[in-house]
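Kindly produce the complete structure, drawing on both the sequences and the hints.
Per UniProt numbering, numbering through the sequence shown is continuous, rising by one, with the last residue being 294.
There's no promise every hint is true.
Derived lysine to aspartate or glutamate pairs resembling EDC-like cross-links, with alpha carbons at most 20 Å apart [said to hold, decoys possible]: (1) K277 <-> E227; (2) K215 <-> E138; (3) K287 <-> E227; (4) K54 <-> E280; (5) K89 <-> E176; (6) K212 <-> E138; (7) K54 <-> E138; (8) K216 <-> E138; (9) K278 <-> E227.
Everything labelled a hint here was simulated from the structure, so no lab data went into it.
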Amino acid sequence: MKDLALNKKTRMGSSLLLQGLPSVYIQASEIILIVTGLLLGFMEFKNINFNYSKFNRQGSSSPQISSRTGMLIFYAPAFLVACFYLFCKLGWPHASILLQKLGFLQLSITWQLQMEASTRLLVLTVAVALHFFKRVVEVLFIHRYSGRIAIGTAIFISFVYSFEAVSFFYVMQISEGSPLPTMDLMPLGILLFVIGMGGNLYHHYLLSRLRKDGKKGYSIPHGGLFEFVVCPHYLFEIIDFVGLAFISQTSFGFCTATMIFLYLLGRSLSTRAWYVKKFEGFPSDRKALIPFVI
Numbered sequence: 001m002k003d004l005a006l007n008k009k010t011r012m013g014s015s016l017l018l019q020g021l022p023s024v025y026i027q028a029s030e031i032i033l034i035v036t037g038l039l040l041g042f043m044e045f046k047n048i049n050f051n052y053s054k055f056n057r058q059g060s061s062s063p064q065i066s067s068r069t070g071m072l073i074f075y076a077p078a079f080l081v082a083c084f085y086l087f088c089k090l091g092w093p094h095a096s097i098l099l100q101k102l103g104f105l106q107l108s109i110t111w112q113l114q115m116e117a118s119t120r121l122l123v124l125t126v127a128v129a130l131h132f133f134k135r136v137v138e139v140l141f142i143h144r145y146s147g148r149i150a151i152g153t154a155i156f157i158s159f160v161y162s163f164e165a166v167s168f169f170y171v172m173q174i175s176e177g178s179p180l181p182t183m184d185l186m187p188l189g190i191l192l193f194v195i196g197m198g199g200n201l202y203h204h205y206l207l208s209r210l211r212k213d214g215k216k217g218y219s220i221p222h223g224g225l226f227e228f229v230v231c232p233h234y235l236f237e238i239i240d241f242v243g244l245a246f247i248s249q250t251s252f253g254f255c256t257a258t259m260i261f262l263y264l265l266g267r268s269l270s271t272r273a274w275y276v277k278k279f280e281g282f283p284s285d286r287k288a289l290i291p292f293v294i
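So, in structure tokens, the structure goes:
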């Protein structure tokens with residue numbers, strides 16, 4: 001036990017974040033995430049919205065698909081990426097043997113080495129898989145649909161989520177074995193992740209109940225934090241991603257959470273403006289995203 005404690009102490013770094021191997025890809029990705037978040041958030045705020053849900057432009061020349069299919073395209077690829085990576089990290093020993101028999105000796109050795117994973121990497125991988133699994137389940141069994149989605153929007157959002165999943169795993173992989181952060185934020189991250197997942201699921205359920213009798217139109221949601229904000233499901237989505245950032249404890253994780261926050265902030269402000277315009281007497285004290293704040 002003393003040797004283990006000593007080894008952990010010698011690996012302790014001087015930063016609150018994991019410092020992995022230098023990567024131009026990750027540095028560029030972090031910049032792209034922040035710029036994308038600022039751009040998308042501003043566009044949503046200015047009512048240049050992504051073409052889905054209540055903001056789907058009827059009569060648009062963009063090819064349209066059903067909302068259920070579109071949202072499956074949103075989330076299913078990222079879920080499959082997470083499942084594949086988890087499958088690899090939990091270990092499939094036959095893959096190494098198969099690669100060796102096929103003549104890929106170096107790749108076989110690399111596979112065997114890469115099967116080893118830290119607790120943080122495994123927790124993050126499971127969390128990302130659970131995040132997108134929940135979204136797929138909601139699409140199939142909880143959400144009620146009335147409109148269609150532009151296929152271009154579905155493909156773009158799917159790419160963003162898949163890119164985030166792949167990059168999350170890559171940055172964690174190159175951080176394996178690096179000095180430990182000065183403070184372990186993973187327990188807090190797990191708590192935030194669970195709160196975010198649960199809150200998001202609950203408010204999606206409340207939204208689905210608005211159409212339980214086969215109604216197709218929109219109405220003012222009630223219950224939970226809907227009494228205080230228009231988009232509590234967005235708020236908990238942000239908390240979910242902040243939890244993932246704390247679990248990963250990397251600058252990429254926090255850049256991802258920042259992008260999600262900026263985008264959903266802009267969309268929630270547009271959503272509130274849409275409700276105010278559509279429903280006379282909409283509660284003026286109901287904020288867009290954060291109770292009593294904005």
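Straight-line alpha-carbon gap K89 to E176, limit 20 Å: Holds, at roughly 13 Å.
Straight-line alpha-carbon gap K287 to E227, limit 20 Å: holds, 9 Å
When you check the alpha-carbon spacing of K215 and E138, does it fall within 20 Å? holds, 18 Å
K54 and E138: Cα distance at most 20 Å? holds, 18 Å
Would you mind confirming whether the straight-line C-alpha gap from K212 to E138 stays at or under 20 Å? holds, 15 Å
Within a Cα-Cα threshold of 20 Å, do K54 and E280 meet the stated pairing? Distance of about 17 Å is within 20 Å: holds.
Quickly compare the C-alpha distance for K278 and E227 to 20 Å and report which way the hint goes. Roughly 18 Å separates the two Cα atoms, so the pair holds.
Quick one, are K216 and E138 close enough, alpha carbons at most 20 Å? This hinted pair holds, its Cα atoms lying about 18 Å apart.
With the threshold set at 20 Å, check whether the alpha-carbon distance from K277 to E227 stays at or below it. Holds: K277 and E227 sit about 18 Å apart, inside 20 Å.
The structure shown violates none of the earlier numbered hints.
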